[in-house]
Amino acid sequence: MPGTLISFSPTAAGEVRTAPRRRGVELAMLAFAVVLVITADVVVDATFNDTVSSAVWTYGAGFALIYAVAHVAVRWLAPYADPLILPATALLNGLGLVLIRRLDLAEAADAQQDGQPIPAGDAEVQVLWTCIGLALFVAVLLIVRDHRALARYAYTLAAAGLAFLALPAILPGRFSEVNGAKIWIRLAGFSIQPGEFAKLALMVFFAAYLVQKRDVLSLASRRFLAVDLPRGRDLGPVLVAWGASLLVLVGEKDLGTSLLFFGMFIVMIYIATERTSWLLIGLGLFLVGAYAAYFAFGHVQERVQVWLRPFDYRDDQGYQIVQSLFGLGTGGLFGTGLGGGRPETVPFAKTDFIIATVGEELGLVGLVALLVIYAIIVTRGFRTALTVRDSFGKLLASGLAFTLAFQVFIVVGGVTKLIPLTGLTTPFLSYGGSSLVANFALVALLLRISDAARRPPATPPPKPPLAEAMTEVVR
Amino acid sequence: MNRPIRRVALAMLVLFGLLIVNANYVQVFEGDKLRTDPGNTRVLLDEYERQRGTIVVDGRPVAESVATDDKLKYLRRYPGGKTYAPVTGFYSLIYGATGIEQAENDFLSGNDNRLFTRRLSALLTGRDPRGGNVVLTLNQQAQAAAVRGLGDRAGAVVAIDPSTGKILAMASTPSYDPNPISSHDPSSIRAAYNKLANDPADPLLNRAINARYPPGSAFKVIVAAAALQNGRNPDTLLDCPQAYTPPGTRTALHNFGNESCGASKVTMQTALTNSYNTAFAKLGVDLGQSAIRSAAAGFGIGTGDTLQTPLRVSPSSLGDIPDTPALAQSSIGQRDVALTPLQAAMIAAAVSNNGVLMTPYLVDRVEAPDLTVLDTTQPKELSTAVSPEVAGQLTQMMRSVVQRGTGRKAQIPGADVAGKTGTAENAPGQAPHAWFIGFAHQNGKQVAVAVIIEHGGNSGSETTGGEAAAPIARDVMQAVLTSGGG
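Going down the list, the sequences are from chains V and S. Under the working numbering, the first residue of the first sequence is numbered 164, with each subsequent residue one higher. Under the working numbering, the first residue of the second sequence is numbered 591, with each subsequent residue one higher.
These aren't lab readings, by the way, just hints derived from the structure by calculation. Possibly wrong hints are sitting among the right ones.
Think about it this way: if two alpha-carbon atoms lie no more than 20 Å apart in a straight line, the pair counts; the simulated EDC-like pairs of lysine to aspartate or glutamate are [to be verified]: (1) K376/V - D553/V; (2) K785/S - D775/S; (3) K672/S - E620/S; (4) K623/S - D273/V; (5) K663/S - D553/V; (6) K970/S - D954/S; (7) K672/S - E637/S; (8) K785/S - D767/S; (9) K623/S - D475/V; (10) K672/S - D789/S; (11) K623/S - D742/S; (12) K672/S - D696/S; (13) K1035/S - E971/S; (14) K623/S - E637/S; (15) K663/S - D273/V; (16) K663/S - E507/V; (17) K663/S - E270/V; (18) K855/S - D895/S.
Simulated restraints, written as ranges between beta carbons of each label pair [as the list claims (entries may be wrong)]: (19) G1019/S - R472/V: 16 to 26 Å; (20) R593/S - S217/V: 46 to 56 Å; (21) S216/V - P776/S: 29 to 39 Å; (22) N614/S - G503/V: 20 to 30 Å; (23) K1035/S - D273/V: 54 to 64 Å; (24) R593/S - L496/V: 36 to 46 Å; (25) Q692/S - D273/V: 42 to 52 Å; (26) Y685/S - S216/V: 12 to 22 Å; (27) P242/V - R593/S: 27 to 37 Å; (28) T626/S - I295/V: 56 to 66 Å.
Yeah, the Cβ is synthetic: ideal placement off N, Cα and C, and Gly gets one too.
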């Protein structure tokens, strides 16, 4: 894409230059993100209470502090890291906090009118999770000093990831089921979605495994109908991944995670082997799986029916999506302004449907801007994959970037009725600790790889004195 | 590995492009449809969020919004209650709005463009925007007299200022209390509405403009107008047989109570004064259908036009008149002739106003929340019903009705009153409707009125219609003439 902000061409190999660290850019952009977030919070307060409460400044200061710490950590631990990823993350995370606080205010107002006790706000909890996320972010940068070291723990991580993924399915419903989806581990008042962490662990494993096996997977093949087909025994891993995805679907009724994992695996195998045939095989398996799932599971059929004709089910199964569409439509081009709409009308407005809140209050303009911010992180991720020198790093960075992009597509597409609705969180924006913390780890990994990608070679070989130089043949 | 990475990255950007295109479709292309979908409670909640304007009669609110502490910020209240319900209508969470609440909704809710600059300034100054006020033409004393006069009988009263077309009274009974239907509690709203909707007396019907009745003898004013326009005068002698059998039938028409005219020929004025059916039936047949239709059209009957006051008025009509016997019956206001009480009042108003019929209207002016007047309705001529000369002759004859005929109960000391009674047969076995239409002048002020009491008469005598309806007309006219306003 020449002439655009985003370019995928790596710097010419072997070009020696003193790579700029661009930490100043990151700091400036972070400051900009903090100002935007505080402004948004002020608008919410002004619209809702006609005054700006002191809470805004407490939140603002806390938020600025969190990202100041993150910035210092990056400066210290990954000085060459990409300068745009962290500010974009900060903006999304901050906007998420503002929206959750805004929905808290609406819930409190409703409760007050109905004479119910005012529920504890979720924004405070989300701030706490942000702090935990920050701690994990720093920990990942601190512990993983070289991303290639992760490849050594590939099988350990795979085992842990699978165990995490399978745990909710095995646990009895009262420990694992929330709103019909068995994707939780609930213990002592805490609930985590292990799938979010399993996602990262399995991605590291995929990257390591595929780098190891890429020669076999890409070279040994038979040609059939102008397509290079892999040998039967090499299909094993794909089938395992496919089976695992279906198991997730069956055991945990979680359409979104199932789709995300399968897509992640297929794309990574495609990148590793550079073989289009893997994409075709993946697509074929997806169609078979989707077809089988449609007829085997009532809830899949229901989702598809509701997707096709939501207004026929407006009072029952289609209620959520219809309310979401009402919110989006009411928002129109410029939105009602923060605090000016009624996003609380949409069920799960803080989690699965937070995008509907964005569309209602910030309008199409706000929603598109939000998607552009995601696109910035995603393209910076892919750029990292292109520039980093080692195969494992390339594969892991593409996997991370792809997963983020695909998850955003599944969620936003579902909420805006582009595709059937599946329950996934909107990265950095939705209320929910597991998702936020896991995505902080994702960003830390991405920054770690980009640091490696942009770092000049550790010790550039000193130029030999002319006298000792080899005689060169001048052509 | 770079080539597939680039491809995947590009594919992701394409997916994001799809999301953006789809968001455009949902938010902009389909936006209006989704915004206005009846299932979208946002618009409704927003309407309740804003203080709706007041409907005002003589400086007092008959419908107003008061702040509450429940989820819908403002509650609609009707201090005018049953008296004004046929005009104000209700404003319901479930059943929508009716009456002025519906007709002037844009203005009351504050969405009207005439309120645009005020909305903008409210936005800039941070005050909550409010709806505009609607000031009605109604006269409080006249409206009260009308409702009091009707009492617990079913019927309607309309009073008009003939010189402007201002509707001074619009009463319809039985009426209803709009407060419960406009409450915030869905179950009590439903209960109240269902009770009214299932009531056989039909209290939700505004009889003044949406019920049509046979006018009976009141229609003789139209036939008289047709005669005056066709060369007759009040002293023209009409055949007045004991029984009149129109050509083409063997069924004879009689006067009320089979009364005799006292002579074989009487003047048209005498025939109107005593409301002789045989004379007017024969007069109508002699004039012919087109003369009657043309005279009626001048008063707005049978034109097919739908008046908006701004409340929609059911069109009045003469119905089909296929043959001479039908014409004879129609000439005494029976058969398929059907007038709304408002239309009946318009007949009297046109005669009172030298033959010029003004467009009747209910909204005098609309005001911004700060009471500055944004728009005042200008009186508009609807048609010239009859020439000033014919109007004068009609006035003379109708004055005689009140002075010495069937309408004596409408006399007001010190005022010049003219009118016509009616006793309209409707359904077999049912008492006839009692009518009075008329007008009064005093000290340069004038007022026209129409009163109907359903089944309020007695088929034995024409005077019974006058006995029942004329006193109400008198009270309403007197209320207008003695009140300070117009």
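Results of checking the hints against the structure:
{"no.": "1", "hint": "K376/V - D553/V", "verdict": "15 Å, holds"}
{"no.": "2", "hint": "K785/S - D775/S", "verdict": "16 Å, holds"}
{"no.": "3", "hint": "K672/S - E620/S", "verdict": "42 Å, violated"}
{"no.": "4", "hint": "K623/S - D273/V", "verdict": "27 Å, violated"}
{"no.": "5", "hint": "K663/S - D553/V", "verdict": "63 Å, violated"}
{"no.": "6", "hint": "K970/S - D954/S", "verdict": "13 Å, holds"}
{"no.": "7", "hint": "K672/S - E637/S", "verdict": "25 Å, violated"}
{"no.": "8", "hint": "K785/S - D767/S", "verdict": "12 Å, holds"}
{"no.": "9", "hint": "K623/S - D475/V", "verdict": "16 Å, holds"}
{"no.": "10", "hint": "K672/S - D789/S", "verdict": "16 Å, holds"}
{"no.": "11", "hint": "K623/S - D742/S", "verdict": "46 Å, violated"}
{"no.": "12", "hint": "K672/S - D696/S", "verdict": "24 Å, violated"}
{"no.": "13", "hint": "K1035/S - E971/S", "verdict": "19 Å, holds"}
{"no.": "14", "hint": "K623/S - E637/S", "verdict": "18 Å, holds"}
{"no.": "15", "hint": "K663/S - D273/V", "verdict": "12 Å, holds"}
{"no.": "16", "hint": "K663/S - E507/V", "verdict": "17 Å, holds"}
{"no.": "17", "hint": "K663/S - E270/V", "verdict": "16 Å, holds"}
{"no.": "18", "hint": "K855/S - D895/S", "verdict": "39 Å, violated"}
{"no.": "19", "hint": "G1019/S - R472/V: 16 to 26 Å", "verdict": "55 Å, violated"}
{"no.": "20", "hint": "R593/S - S217/V: 46 to 56 Å", "verdict": "55 Å, holds"}
{"no.": "21", "hint": "S216/V - P776/S: 29 to 39 Å", "verdict": "35 Å, holds"}
{"no.": "22", "hint": "N614/S - G503/V: 20 to 30 Å", "verdict": "21 Å, holds"}
{"no.": "23", "hint": "K1035/S - D273/V: 54 to 64 Å", "verdict": "56 Å, holds"}
{"no.": "24", "hint": "R593/S - L496/V: 36 to 46 Å", "verdict": "39 Å, holds"}
{"no.": "25", "hint": "Q692/S - D273/V: 42 to 52 Å", "verdict": "29 Å, violated"}
{"no.": "26", "hint": "Y685/S - S216/V: 12 to 22 Å", "verdict": "40 Å, violated"}
{"no.": "27", "hint": "P242/V - R593/S: 27 to 37 Å", "verdict": "30 Å, holds"}
{"no.": "28", "hint": "T626/S - I295/V: 56 to 66 Å", "verdict": "44 Å, violated"}
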